[in-house]
Amino acid sequence: MRFARLCKLYLFFLVATATIAVGAPLDNVIKTSMVEGQATIETTVPQCPAGTTYVASLCFSVGRIQVFCQNPQNPTLEIIAFTDCEPDEVCIEHEHAINEDLNRPHATCVSSEFYTVWDNFNNPDADACAQEVYKHDHGALDVEIAMTIYAHDGKPIQVNLLRALSNDHELSRIFDMHNYTQVIRGYNGETIKYCFNTGTKNKVTAYAGSWTIQ
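If you count the sequence shown from 1, position 193 lands on 192 in numbering that gives the first Met the number 0, and the numbers rise without skipping.
Any given hint might turn out to be false.
[Unchecked claim] Simulated DEER-style distance windows between Cβ atoms:
{"id": "1", "residue 1": "ASP167", "residue 2": "GLY138", "range": "31 to 39 Å"}
{"id": "2", "residue 1": "ASN73", "residue 2": "GLU169", "range": "26 to 34 Å"}
{"id": "3", "residue 1": "SER171", "residue 2": "ASN70", "range": "20 to 28 Å"}
{"id": "4", "residue 1": "ASP152", "residue 2": "VAL132", "range": "44 to 52 Å"}
{"id": "5", "residue 1": "ASN121", "residue 2": "GLY153", "range": "32 to 40 Å"}
[Unchecked claim] Here are the computed lysine-lysine pairs in the DSSO-like style, where the Cα-Cα straight-line distance is at most 27 Å:
{"id": "6", "residue 1": "LYS202", "residue 2": "LYS192"}
{"id": "7", "residue 1": "LYS202", "residue 2": "LYS154"}
{"id": "8", "residue 1": "LYS192", "residue 2": "LYS154"}
{"id": "9", "residue 1": "LYS154", "residue 2": "LYS200"}
Simulated from the structure, these hints should not be mistaken for lab results. Please read these numbers as outputs of a predicted model, since none were measured by experiment. Just so you know, even glycine gets a beta-carbon here, dropped at the ideal spot from N, CA and C.
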């Protein structure tokens with residue numbers, strides 16, 4: 000796994016007008032806060048054991064983050080830890096959490112108020128889509144959108160196709176993955192549509208969110 004230093008990231012989810020801020024890691028934790036107006040709400044983020052530093056994280060299951068940490072005294076030694084989400088949270092995984100390293104995986108537990116959820120239960124072998132609009136007063140923003148797919152047992156599951164559209168224009172598509180991330184430059188309230196197709200008859204559930212990049 001490639002190592003990179005985490006940059007400051009501001010996180011928001013495409014539901015209502017909530018904003019989440021993810022700060023740079025301080026030793027063994029990434030400080031994440033959810034902001035709406037003057038209120039600040041803490042949410043669950045990856046944590047490393049004392050004396051180690053955060054490197055990256057993945058969604059181990061719908062309610063658990065697998066965290067990769069590093070011992071500053073022995074950088075070649077990879078330490079794996081786990082952070083459990085709160086009961087009303089799910090883990091969303093995104094590849095582009097770090098500006099300098101767009102392949103750096105990062106995972107965040109997101110409250111039910113701030114994620115988009117949908118499934119393909121009614122028609123398992125067809126496209127399953129959901130759409131959201133994030134309304135804000137900050138002008139055009141650089142954002143990344145992400146979705147993670149879970150099987151019935153709560154584990155991430157690979158599907159045949161994942162894609163996203165902005166105002167009905169396809170942004171990108173990927174194949175044979177369990178998660179999707181796309182950077183959008185100059186986002187200004189366009190409708191974002193998330194879609195997946197399992198390529199099988201598997202019944203799965205998707206969760207999506209969006210982050211502003213600074």
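Each hint tested on the structure:
Checked against the hint of 31 to 39 Å, the pair ASP167 and GLY138 fails, with Cβ atoms roughly 23 Å apart. The hinted range of 26 to 34 Å is not satisfied by ASN73 and GLU169, whose Cβ atoms lie roughly 45 Å apart. Hint check: SER171 to ASN70, Cβ distance near 37 Å, so the stated range 20 to 28 Å is violated. Hint check: ASP152 to VAL132, Cβ distance near 32 Å, so the stated range 44 to 52 Å is violated.
Between ASN121 and GLY153 the CB atoms are about 20 Å apart, so this pair departs from the stated range of 32 to 40 Å. Pair hint LYS202 plus LYS192 holds up; C-alpha atoms about 20 Å apart against a cutoff of 27 Å. For the hint linking LYS202 to LYS154, the alpha-carbon distance of about 13 Å falls within 27 Å, and the restraint holds. As the CA atoms of LYS192 and LYS154 are separated by approximately 23 Å, the hinted pair is consistent with the 27 Å bound.
For the proposed pair LYS154 and LYS200, the alpha carbon gap of about 17 Å is at most 27 Å, so the pair holds.
Checked against the numbered hints given earlier, the structure breaks hints 1, 2, 3, 4 and 5 and satisfies all the rest.
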